[in-house]
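Novice: Line order of the protein sequences matches chains A and B. Residues 20 to 291, numbered by the numbering used here, are exactly what the first sequence covers, in order. Residues 27 to 340, numbered by the numbering used here, are exactly what the second sequence covers, in order.
Check before you lean on any hint, since a few could be wrong.
Claimed, not checked - Listed below are the simulated DSS-like cross-link pairs for lysine-lysine, each with C-alpha atoms no more than 27 Å apart in a straight line:
1. A:123 / A:190
2. A:190 / B:50
3. B:50 / A:123
4. B:148 / A:39
In short, the hints are calculated from the structure, not lab data.
If you want the building blocks of each chain, they are given just below.
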Amino acid sequence: MFSRKNSPRPIASRAPFGLKILVAGVLLFLYCPFGIILLYAFTTEETAFTFPPPGLTFDWFRVALFNRPDIFPPLLLSIQVALVATTVALVLGSLIALGVSRAKFFGREAITFLVILPIALPGIITGISLRSAFGLFGIDFSFWTIVIGHATFCIVVVYNNVIARLRRTAKSQMEASADLGADSFQTFRHIVLPAIGTALLAGGMLAFALSFDEVIVTTFTAGQQTTLPIWIFSQLVRPRQRPVTNVVAVFVIAVTFIPILIAQRLTQDSND
Amino acid sequence: MATLSPTQPPAPSVVRRLSAFFSKHPTLVLILLLAAPLLWLGVIYLGSLGALLLQSFYKLDDFTGLVVREFTLDTYKQLFTQSNLDIVTRTAAMASVVTLACALLAFPISFYMARYASPSGKVVFFIAVTLPLWSSYLVRVYSWKLILAKEGVVGWFINLLGLQGALDAILAVPTIGGPSLSVSMYGTFLAFVYVWLPYMIIPTYTALTRVPRSMLEASADLGARPAQTFWRVILPLAFPGVVAGSIFTFSLTLGDYIIPGILGNSAFFIGQVVLTQQGTAGNIPLAAAFTVVPMFIMFVYLFIAARLGAFEAL
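Modelling step: build the complete structure from the supplied sequences, incorporating the hints.
Specialist: Here it is, written out as structure tokens:
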């Protein structure tokens, strides 16, 4: 960034050819599977994954839309859970970020550790813990037991985005607001909220994507209910019209890619 | 006669007085802000972890099939049978191999991103690496079922290259082989490496960007060849980042039950035992005791990682 062109270059400035090949290989490894998923959504074969596909058709999109009513209740449930879990995570995550950023106090490190813990420990631990707590206290599985699990690991995503933004927001702005006679509610409304607005949006979108396709914790907290990932999982174990599973998979990829890309953009702009 | 006195300020509103009260009591504000989230994480989450630990000291009555709620170490005794220890060893071995493979694959791309990519290229690479991380885990696992199926892409390429004999030979290896790549440990391994790779790339990249350019120049000035600079300056400085990434790859492999279920031969992993014990078997105490194993392993792992400076690299 600082006059890189003029600085002396004892170190090679161009990547060796071998390294470029390796990088291309890793990128191919990361993205090829998505292409394969897309390809098999169009195959004419119902029960096998022959490569190359014997024929291509758009028919499975029609089948998924009109002939498979078993897809839609799980889809609806997943959207509802993701919306509620995201809302809870937005409130709790930004409260922690606001609290932690205000001052240094005893136990602050412990709080940040506690926020990260649900995502640092394997999902199965969160899942089985909630499952055993529900069992111990005789709580029946419901919509809310799924939401509790999802919100718990979504808090960290919102928290991370908001705290990063608050660290960059100048304290002087809030002090100036107070000096000019604003009360703390007005400062929050006119200074803090606009500053963290896009961070909240980005965090919320990531939380939605995370909740929408979560399967490990959900398996333990859903009981007999079926979310979309649980539906996909059941299709993997007992397949029926395999290309339809691919159509749903393509839909899920689209639904998660779009908010993630928007969230990346939102946090990117404010970095500049 | 009452006169208007414009100089006298209006009586402070309730909002104003509340605001003034808050600014005089910052601790109260802190408590108000943190009460709800701490209640959630402290009571629901930590409480659940406590409930899990508690249940691991209960046991299942073999005759009635009900959980006996009194303190016993019987469930832990059950854990130390040979077949269960095999499962733990197998899972830990898989986690180690997956972590090693992720580190080897992540290093070149992180190195390229940190050292050679232009500023805008860095952003594109960073998004390219994180996008799969956030997108559907289950769909990405499923894609390997398609790729590795006997009649799938990999099989087609192997036929094309005339390597069928070599494939049959590696599939015939006992315990890790299987009838096809998608039902063998190779499949489990590939899918694990694939889904956790971004977790390794990001901290490795972060650590590499923090290697000061001046240090590389100093190394070159002092007569080190590029290879020497790489081994003796870059690698040691990037190592904490690799360790930080390994926390994720190792921990996530330890707890996963989806990948060995979809892409494995029938050899069990810790996660699968937990799932079947709590589900069909209804033996929550044993499932809980089994979950304590990865928790304990991760505790030791985090302790070592902290010693190696991994937390500064996160």
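Novice: Indicate, hint by hint, whether the structure satisfies it.
Specialist: We went through each hint and held it up to the structure:
1. A:123 / A:190: The hint holds at about 14 Å.
2. A:190 / B:50: holds (18 Å)
3. B:50 / A:123: holds (17 Å)
4. B:148 / A:39: holds (15 Å)
Of the numbered hints stated above, none is contradicted by the structure.
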